[in-house]
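Can you build the whole structure from these sequences, using the hints too?
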Amino acid sequence: MFADWPLLSLSIWLPILGGVIVLMSGEQGARRLALLFAIATFAVTIPLYTGFDTTTQAMQFREFLPWLPSFNINYHLGIDGISLPLILLTSFITILVVIAGWGSIEKRVSQYMASFLILEGVMIGVFAALDAVLFYVFFEAQLIPMFLIIGAWGGPNRVYATLKFFLYTFLGSVLMLVALVYLYYQSGTFDLQELHLVRLSMTEQIWIFLALFLAFAVKIPMWPVHTWLPDAHVEAPTGGSVILAAIMLKMGGYGFLRLSLPIAPDAGHELAGLMIALSLIAVVYIGFVALAQKDLKKLIAYSSISHMGFVTLGTFIVFLLVAESPDAAGARLGVEGAIVQMVSHGLISAALFLCVGVLYDRMHTRMIADYGGVVNAMPVFASFLVLFALSNAGLPGTSGFVGEFMVILATFHANFWLAALAALTLILGAAYTLWMVKRVVFGPVANENVGALRDIGPREFVVLGLLAVTVLGLGLWPAPLVEVMHPAVDKLIAQVAQSKL
Amino acid sequence: MESVYLAIPLFPLAGAIIAGLFGRQIGRVGAHTVTIGAVAISFVLSVIAFWHIVFGGGAVYNESVYTWMVSDGITFEIGFLVDRLTVLMMTTVTSVSLMVHIYTIGYMHEDPGYQRFFSYISLFTFAMLMLVMANNFMQLFFGWEAVGVVSYLLIGFWYTRESAIFANLKAFLVNRVGDFGFLLGIGAILAWTGTLDYAAVFAQAGDLANARIELFDGAPWSVATVACLLLFVGAMGKSAQVPLHVWLPDSMEGPTPISALIHAATMVTAGIFMLARMSPLFEMSETALSFVLVIGAITALAMGLVGIVQHDIKRVVAYSTLSQLGYMTVALGASAYSAAIFHLMTHAFFKALLFLGAGSVIIAMHHEQDMRRMGGLRRYMPITYITAVIGSLALIGFPGFSGFFSKDAIIEGVHYSGIPGAGFAYWCVLIGVFVTALYTFRMLFLTFHGEPRMDEHTREHLHETPLVVTIPLILLAIPSVIIGAWTIGPLLFGGWFGESILVLPEHDVMAKLGEGFHGWWGFIIHGFQGPAVYLALAGVVVAWYVWIRRPDLADRAAERLRPVHRILEKKYGFDELYQTVFADGGRRLGGVLSRVGDQRIIDGWVVNGAARLVGRGAGLMRHLQSGYLYHYAFAMILGVLVALSWVVLSA
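So the sequence lines, in the order shown, correspond to chains Z and E. Using our numbering, you'd call the opening residue of the first sequence number 1 and step up by one each time. Using our numbering, you'd call the opening residue of the second sequence number 1 and step up by one each time.
Since the hints were derived computationally from the structure, they do not count as laboratory data. Computed from a predicted model, the values in this text were never measured in an experiment. The reader is advised that the hints may include incorrect statements.
Using 20 Å as the maximum straight-line C-alpha spacing, the simulated SDA-like pairs for lysine to any residue come out as follows [what the hints assert, rightly or not]:
(1) Z/Lys491 - E/Gly73
(2) Z/Lys294 - E/Leu589
(3) Z/Lys164 - E/Gly597
(4) Z/Lys294 - E/Arg588
(5) Z/Lys294 - E/Gly597
(6) Z/Lys107 - Z/Leu148
(7) E/Lys570 - E/Asp312
(8) Z/Lys294 - E/Ala583
(9) Z/Lys164 - E/Arg616
(10) Z/Lys164 - E/Ala611
(11) Z/Lys294 - E/Arg595
(12) Z/Lys294 - E/Lys570
(13) Z/Lys164 - E/Arg595
(14) Z/Lys164 - E/Gly615
(15) Z/Lys164 - Z/Leu148
(16) Z/Lys164 - E/Ile601
(17) Z/Lys164 - E/Trp605
(18) Z/Lys164 - E/Val614
(19) Z/Lys164 - E/Phe166
(20) Z/Lys294 - E/Arg616
(21) Z/Lys164 - E/Asp603
(22) Z/Lys294 - E/Val596
(23) Z/Lys164 - E/Val606
(24) Z/Lys164 - E/Leu613
(25) Z/Lys164 - E/Gly604
(26) Z/Lys294 - E/Phe166
(27) Z/Lys294 - E/Val614
Printed below as a string of structure tokens:
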């Protein structure tokens, strides 16, 4: 029944419209209205999954309107199995953010809620855009609400953090614009699927690859352009951290899959070694750095970087596998593992940041040393936190395991030692996560503030409960998530294997 | 039978969920009724499955339950393989678990976390069953990690104790080191066979042996060797083999019932089970077998020696468990898989018995665990005492008791083995017999014999523990005596395991042993012709002489052998080494990387440096825009001059 509805446009513009309405309607009822729009948007994205055709490699739910015909720029939307899971993740997480902000945000509620709704629409736009200019506009536009969210509701050091965040990401994306304009002059089109087919020399490809790389590496973030993330997280309000970790980081991974790999495959082959090295540095080096953190949010931020290392590893290991054997055994496993890891990390990091938010709302501190023995006062909360911590450590049966498992298996196809370095995360991830749990959750009541904590209320329970169900569900049965990816990933591998020289 | 197989793990899972999520609503009685009922059903069904496969001529069941995921043409499934090896493990796991569930009513009856505890042990039973019933490597890893997590939760059950939450983190991390190898082993198998299904992998075992992987340039290894060594690293973690054994003694911080169930009878034997399951792969690599053999032998002897100097009653039993796991590993290395599983089974019963007996003592002593403050308890706790004696006799391999058959089979098996390292292993396990008898009877004498050394108040209140405690002791004592004699014939020499275990003819030490086998009575008679029985008796006599007859002798010996005693008390220094190098070292490395790498170099020099550079550049530029008209006029004249001269000169 939804087949001829413009579902993608609805998923983009409904929350943006909702944001404007919430903004104009004032403080009264802003929360309810925002929740209504968030749920409505989620409802709109569901038919994208139920109506998704897993037999075709073509883009689905396409919408096409000329926008700036003189430059051949179009309002062109469409999704495949790579973007679909990320769109669902976005609309799901936004609901939780709205509920989580219900009690903890007291000033300028309508502006807060409106920012998140507008941000949601823009982020879905990034994942649905098939026109490079449209993609770029959405990609840049999402900086504005996030900038406002951190700047207006953030912590004491927010000015430094927002500037760093903005400059880092802006610097990266400006170079992406240069690359896209160059491609336009070579091909006369901004259509992403047509850009995939443009023939380019190795030098051209290398420059384009590097320009795109900078934009996406900052976003995801990869070592060594990652230092904006811990600062941004520390200063951001809970909801901002959740969206930042759960969705915005994924745009880097998505960008690699949608732009870098198909547009510059030969450059990818050339630079794969470097990319893989950076990914493994993220996994190992950042794992150690996370171990040393004293601030809960910083710890989770570093954990995010380390987990994103698996996304880039799964993405770039493809080049080694394609070169190794004609059927590219393991390559699909790597890419699908990277996408699963993005979705799973979206859920788990959101859950962990929400857990920190629960603690912060009560104690107004993020320092691990200020806690200890939280389980005595908050047993229900502690159960949730331990569950999410274990999934962050990649426990089988939770979604955190699936992506890492797939990427490690794929990496083993390419090289034993690379897989061994990646598998170190089993030890490091468990060490920094569970050591944090030991210091925060377990032990005797550390001080009277901890003793006076009250356990989570129904609203917090619903938010964490929904995440727990999803994390366990995907861990026990990832097939529904993975099977939508197959055609798109097959196509991607074929593109990567095909030289454009 | 399919629904029966499915029900066996699902009942304990349901029990765990009910007791865990609705513990407050259903109350204490509700929680233990639900979980015990569920595990009892699971036990009965396991016995039915056992009967069906072993006596009913039932076919081996190897089916998928559901498809977890398909990616890259590889099907990842959740499925069951039920053959003779599986049903034996299922029956052992569920029966010990049932005993422990019942015992827990008595042991934990004052604990505020009563429902939570029942939920955890039922969850453990589920995870362990999924592990042993798996028909593929992924599910094996699932169960493997799941039992590890429940173990983590249970060691830290008393979460306000610093020692408990230290021990559970340690246990989890050391196990993760093992899992690191295990996961890479799975990676090797998938990369070379393209499947994770046991049957399909085993069918390609020969190809794996011939395939080569170059881990180091110019040194090609057989893939089977690499995969088996990696898988064995996993087993070393879970089954606590040197050098990954350090977590098991500390795990005694958990409540005693789980020490019996998880850290003696079932979970720690998962590694042994896994290797037996993988026998078609391990048979392909003598290198791997030899490594397994040597590691097991070192563990068997070295850990037994540490047991002699422990004072905590549970720690003695813990080190004994380490040593016995070493025996099982030795058996695996000698390709005597059936003997390893046989010892696994007898050990599950008598070690659970010893742990629960220790727990009974601890209850009576009001949670005192130091044997230096016990003594003479046999007068107060006759049932505990008699069952402890039975457990001890089984452990030291006293002729006729269950442990005698399994341990003698291992020793004889190693004797026949031609794998490199077998000679070394033979001496280790032989001396180990003396050591086992020594520490076991030291524990028995210090606890139950001699003069009472506890304070007056405790002594007045000493009495036998309630029925929920003693009945499981009695029920476990029965198999500790008879199960060895009863099952040795079929299990070891009757080809009982059938297709589930594969031994190459040139490795088949059990067949050689079987040539001289004429029933269990003959095996006992034969035992008297070997040294092991006399070594065990010598151990008992020495223990009696040192700790009963001449109690001063122990201290004098410790004084005289000061360096040796110190090494044993320090447990060879593994804990200190790991703490300094890995735990502290890792944290320090993290700190350095964070401060120097992230804060100073990346942020300080690059990021803020770039900002400073821009700032400085802008500062210089600012001087150009001074606002004075004559500055600008001068600049214009200069510019015109330069432009003119360029035009003139180039023309």
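Consistency of the hints with the structure:
1. Restraint check for lysine 491 of chain Z and glycine 73 of chain E: satisfied, since their Cα atoms lie roughly 15 Å apart, inside the 20 Å limit.
2. Taking the CA atoms of lysine 294 of chain Z and leucine 589 of chain E, the gap is near 15 Å; set against the 20 Å cutoff, the hint holds.
3. For the given pair, lysine 164 of chain Z sits about 18 Å from glycine 597 of chain E by alpha-carbon distance, which is consistent with the 20 Å threshold.
4. Our distance criterion of 20 Å between C-alpha atoms is met by lysine 294 of chain Z and arginine 588 of chain E, whose separation comes to about 13 Å.
5. Proposed proximity of lysine 294 of chain Z and glycine 597 of chain E is supported: the alpha carbons are some 17 Å apart, at most 20 Å.
6. In summary, the hint linking lysine 107 of chain Z to leucine 148 of chain Z is supported, as the alpha carbons are separated by about 14 Å, within the 20 Å threshold.
7. Proposed proximity of lysine 570 of chain E and aspartate 312 of chain E is supported: the alpha carbons are some 15 Å apart, at most 20 Å.
8. At most 20 Å may separate the alpha-carbon atoms for a hinted pair to count; lysine 294 of chain Z and alanine 583 of chain E meet this at roughly 16 Å.
9. Using a Cα cut-off of 20 Å, the hinted pair lysine 164 of chain Z and arginine 616 of chain E holds, with the two alpha carbons roughly 18 Å apart.
10. The hinted pair formed by lysine 164 of chain Z and alanine 611 of chain E meets the criterion: a straight-line CA distance of about 10 Å does not exceed 20 Å.
11. Of the supplied pair hints, the one linking lysine 294 of chain Z and arginine 595 of chain E holds, its CA atoms being roughly 12 Å apart against a limit of 20 Å.
12. The hinted pair formed by lysine 294 of chain Z and lysine 570 of chain E fails the criterion: a straight-line CA distance of about 32 Å is larger than 20 Å.
13. The hinted pair formed by lysine 164 of chain Z and arginine 595 of chain E meets the criterion: a straight-line CA distance of about 19 Å does not exceed 20 Å.
14. About 15 Å separates the Cα atoms of lysine 164 of chain Z and glycine 615 of chain E, which keeps this hinted pair within 20 Å; it holds.
15. As the CA atoms of lysine 164 of chain Z and leucine 148 of chain Z are separated by approximately 14 Å, the hinted pair is consistent with the 20 Å bound.
16. A C-alpha spacing of about 16 Å is found between lysine 164 of chain Z and isoleucine 601 of chain E, which places the hinted pair at or below 20 Å, so the restraint holds.
17. At most 20 Å may separate the alpha-carbon atoms for a hinted pair to count; lysine 164 of chain Z and tryptophan 605 of chain E meet this at roughly 14 Å.
18. With a C-alpha separation of about 14 Å, the suggested pair lysine 164 of chain Z and valine 614 of chain E falls inside the 20 Å cut-off, and the hint holds.
19. Between lysine 164 of chain Z and phenylalanine 166 of chain E the alpha-carbon distance is near 39 Å, which puts this suggested pair outside the 20 Å criterion.
20. For the hint pairing lysine 294 of chain Z with arginine 616 of chain E, the CA-to-CA distance comes to about 34 Å; that exceeds 20 Å, so the pair is violated.
21. Using a Cα cut-off of 20 Å, the hinted pair lysine 164 of chain Z and aspartate 603 of chain E holds, with the two alpha carbons roughly 10 Å apart.
22. Of the supplied pair hints, the one linking lysine 294 of chain Z and valine 596 of chain E holds, its CA atoms being roughly 16 Å apart against a limit of 20 Å.
23. A threshold of 20 Å between alpha carbons decides the hint, and for lysine 164 of chain Z with valine 606 of chain E the separation of about 13 Å falls inside it, so the pair holds.
24. Taking the CA atoms of lysine 164 of chain Z and leucine 613 of chain E, the gap is near 15 Å; set against the 20 Å cutoff, the hint holds.
25. A distance of roughly 13 Å separates the Cα atoms of lysine 164 of chain Z and glycine 604 of chain E; the hinted pair therefore holds under the 20 Å criterion.
26. For a cut-off of 20 Å, the pair hint linking lysine 294 of chain Z to phenylalanine 166 of chain E stands: about 19 Å separates their Cα positions.
27. Among the hinted pairs, lysine 294 of chain Z with valine 614 of chain E is inconsistent with the structure: their alpha-carbon atoms are about 32 Å apart, more than 20 Å.
Hints 12, 19, 20 and 27 from the list above are not met by this structure, while the remaining hints are.
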